[in-house]
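Student: The task is simple: from the sequences and hints, build the whole structure.
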Amino acid sequence: MSIQSAMAWGGLGHSAIAYIAEQHLTDEAKAKCHHYLKHSLAYDSSWMDHWRNVEPFCETSYWHCMKGDRDNKVIDDGRSAPLHIVRICKEMKNYKRLSDEQIAINLKLLIHMAGDMHCPSHVSYPGQGFKRPSLYIKGRKYNSHAVWDASPAYLHPGWTIVDYQRNLDNKSAKQIKQICKGTPCDWAEECILKMRVTGYIFDRNAEFTKMDEATIEKMRRLNDEQILNAGYRLASLLNKMFK
Amino acid sequence: MKRFIKYIAIVALTALALEAAAWNKMGHETIAALAEQNLSPEAKAEVTKLLGGNLKSGAMWLNTLRKEEATKHTASWHHTHLDAAGRSTTTTEGDAVVQIERCANILRNASTHSRNEQVEALKTIVHLVADLHCIHHIRIEGEPLTDGFRFKYETGKKDKKSGEKIAVGINWSTIWGGRMFGHHVGFTPELMADDMALCRAEHKEAWSQGTPREWAADMGVATRKQLEGMKPGIVITRKQFNLLDAPHEDCLAKAGWRLAALLNNIYK
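Residue numbers (our numbering), protein chains in the order written: chain A, 1 to 243; chain B, 1 to 268.
If you are wondering where the hints come from, they were derived from the structure by calculation, not from laboratory data.
Positions of the beta carbon are idealized from the N, C-alpha and C atoms, including for glycine.
Please note that the accuracy of each hint is not assured.
[Claimed, not checked] Derived DSS-like pairs: lysine-lysine, alpha-carbon spacing no greater than 27 Å straight-line:
| # | chain 1 | residue 1 | chain 2 | residue 2 |
| --- | --- | --- | --- | --- |
| 1 | A | K141 | B | K157 |
| 2 | B | K25 | A | K38 |
| 3 | A | K210 | A | K32 |
| 4 | A | K141 | B | K160 |
| 5 | A | K93 | A | K240 |
| 6 | A | K67 | A | K181 |
| 7 | B | K157 | A | K67 |
| 8 | A | K38 | B | K160 |
| 9 | A | K141 | A | K210 |
| 10 | B | K158 | A | K141 |
| 11 | A | K194 | A | K218 |
| 12 | B | K152 | B | K204 |
| 13 | B | K239 | A | K38 |
[To be verified] Here are the in silico distance ranges between beta carbons for each label pair:
| # | chain 1 | residue 1 | chain 2 | residue 2 | range |
| --- | --- | --- | --- | --- | --- |
| 14 | A | P56 | B | V221 | 50 to 58 Å |
| 15 | B | G52 | A | Y200 | 50 to 58 Å |
| 16 | B | A201 | A | N170 | 27 to 35 Å |
| 17 | B | A201 | A | Q102 | 18 to 26 Å |
| 18 | B | E143 | A | A173 | 54 to 62 Å |
| 19 | A | N167 | B | A201 | 25 to 33 Å |
| 20 | A | Y136 | B | G163 | 41 to 49 Å |
| 21 | A | K171 | B | R102 | 51 to 59 Å |
| 22 | A | G158 | B | V168 | 25 to 33 Å |
| 23 | A | C58 | B | T48 | 50 to 58 Å |
| 24 | A | R204 | B | E164 | 55 to 63 Å |
[Claimed, not checked] Now the stretches of chain A that chain B is said to cover, found in silico as 3 or more residues with beta-carbon under 8 Å:
| # | segment |
| --- | --- |
| 25 | 30–42 |
| 26 | 97–109 |
Tutor: Structure representation (structure tokens):
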């Protein structure tokens with residue numbers, strides 16, 4: 001749990017999102033991603049966390065979150081994950097002009113940020129502070145950030161990324177199309193709006209093991225929906241990029 | 001007295017940590033899964049017949065023997081011993097290569113061995129070909145660091161009060177036993193095997209050639225490369241730590257493909 005809680009969505013959430021995305025890539029996009037990454041999307045999904053304190057990537061350390069304004073619009077403070085996703089997608093329109101190394105880095109950033117922008121603890125908005133409660137799991141305190149970073153592991157104990165995909169990835173083509181409609185900024189707006197309610201799912205300093213099933217189910221639904229949406233949307237970005 | 005007991009406890013725990021098993025479960029099962037994907041139909045049929053399942057099902061068996069009184073002598077089988085020139089020349093029982101050769105002979109001469117002997121030989125091979133590719137299980141004459149040591153790596157974070165970089169201690173054995181799997185969470189051994197096959201695809205043919213003794217020498221070269229500049233207590237940067245992913249991948253891919261090559265050769 002300690003490793004999980006150290007990163008956004010934990011390594012498990014990011015791997016699950018990337019693995020779901022990989023199942024929805026076109027053959028061409030999959031081949032290109034494998035060619036440049038030399039790995040699956042899931043394998044490199046936490047690269048951005050592991051290299052955030054290493055030059056020349058220290059700057060990316062600030063790109064894991066997003067802030068919304070009172071109307072839930074993304075604030076452009078130069079650090080916002082969805083706006084960096086937009087920038088990278090634009091840069092990748094001419095990816096053949098970039099070096100293989102730069103393409104690989106762009107893909108790793110994109111894979112990770114698509115996950116982060118859907119992570120409840122990576123979204124902030126005006127007046128949010130007091131609404132972000134901590135949680136206890138078997139007596140150990142998880143602050144408001146760690147609650148959602150670690151949620152993929154404690155809400156589905158023992159699940160691998162294959163379990164995540166098998167159990168969640170069941171939307172129809174029409175539903176997936178609807179989920180992927182719009183731009184990363186539209187998705188961000190939807191996430192910010194959705195996160196405004198997360199503070200009310202469980203009581204401040206609640207003990208997870210003593211929580212009622214209905215509350216846990218609400219948490220699980222949010223966790224699962226965000227992971228699934230992130231996976232589908234990541235695939236749609238990559239499919240557009242490499243068509 | 002209390003201080004003395006504490007000291008003894010620390011020494012004992014450190015020794016225990018340095019003698020830790022080679023690959024963790026994920027490492028052994030990834031190697032077995034990669035080998036499984038590359039077995040010939042003949043080898044696959046024999047494996048299924050003997051194990052009643054896949055290679056993965058027998059991958060951890062040898063580790064259970066070292067804990068039993070009657071078979072604790074097998075603990076010495078998990079290491080590979082190289083001479084100062086980096087060659088595998090030993091014929092002593094306590095060596096992975098020697099045991100792999102012994103077990104390969106049992107499988108090659110199956111008609112003169114019981115089914116149980118064959119099953120145990122196969123499980124031993126599956127485990128020891130993996131151990132042979134675990135860097136901290138390679139012992140090189142005149143290279144005391146191959147016995148294990150502790151060092152530190154920078155986490156990338158800074159102490160909030162002092163502003164100094166935070167470094168944490170870790171055993172050489174922990175790194176090579178599978179610590180790097182922590183960078184890739186939630187994988188099944190099969191998925192990890194797929195990734196190893198993908199990332200080292202261009203080396204598959206070359207790495208599948210040779211004999212266990214040649215593989216041991218190859219791992220001696222790899223071990224010496226990783227020990228360059230290392231010493232007990234040294235602090236490595238976060239970048240150096242992250243870059244250990246690549247040799248870790250080399251070891252897994254080599255072990256998986258070579259295990260398949262050996263079994264395919266035995267059952268050709």
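Student: Run every hint past the structure and note whether it holds.
Tutor: Verification of the hints:
1. K141(A) to K157(B): This hinted pair holds, its Cα atoms lying about 21 Å apart.
2. K25(B) to K38(A): OK: K25(B) and K38(A) at ~24 Å, within 27 Å.
3. K210(A) to K32(A): Distance of about 47 Å is beyond 27 Å: violated.
4. K141(A) to K160(B): This hinted pair holds, its Cα atoms lying about 20 Å apart.
5. K93(A) to K240(A): Since the Cα atoms of K93(A) and K240(A) sit roughly 9 Å apart, the hinted pair holds (cutoff 27 Å).
6. K67(A) to K181(A): Distance ~21 Å between K67(A) and K181(A) Cα, so the pair holds.
7. K157(B) to K67(A): holds (24 Å)
8. K38(A) to K160(B): It is violated: about 37 Å lies between the C-alpha atoms, which goes past 27 Å.
9. K141(A) to K210(A): holds (14 Å)
10. K158(B) to K141(A): holds (22 Å)
11. K194(A) to K218(A): Distance ~13 Å between K194(A) and K218(A) Cα, so the pair holds.
12. K152(B) to K204(B): Distance of about 33 Å is beyond 27 Å: violated.
13. K239(B) to K38(A): Holds: K239(B) and K38(A) sit about 20 Å apart, inside 27 Å.
14. P56(A) to V221(B): 50 to 58 Å: The hinted range 50 to 58 Å is violated for P56(A) and V221(B), with Cβ atoms some 31 Å apart.
15. G52(B) to Y200(A): 50 to 58 Å: holds (53 Å)
16. A201(B) to N170(A): 27 to 35 Å: Taking Cβ atoms as reference, A201(B) and N170(A) lie about 32 Å apart, which means the hint holds.
17. A201(B) to Q102(A): 18 to 26 Å: Roughly 22 Å apart at Cβ, these two residues keep to the hinted range, so it holds.
18. E143(B) to A173(A): 54 to 62 Å: With Cβ atoms ~59 Å apart, the hint holds.
19. N167(A) to A201(B): 25 to 33 Å: Check passed, 31 Å falls within 25 to 33 Å.
20. Y136(A) to G163(B): 41 to 49 Å: With a Cβ separation near 31 Å, Y136(A) and G163(B) fall outside 41 to 49 Å, so the hint is violated.
21. K171(A) to R102(B): 51 to 59 Å: With a Cβ separation near 54 Å, K171(A) and R102(B) satisfy 51 to 59 Å, so the hint holds.
22. G158(A) to V168(B): 25 to 33 Å: Given about 27 Å between the Cβ atoms, the range holds.
23. C58(A) to T48(B): 50 to 58 Å: Check passed, 51 Å falls within 50 to 58 Å.
24. R204(A) to E164(B): 55 to 63 Å: violated (34 Å)
25. 30–42: It holds: at least three residues are needed, and the segment 30–42 of chain A offers 5 whose Cβ sits within less than 8 Å of chain B.
26. 97–109: Violated: only 0 residues of the segment 97–109 of chain A have a Cβ under 8 Å from chain B.
Violated hints, in rising order: 3, 8, 12, 14, 20, 24, 26; the structure is consistent with all others.
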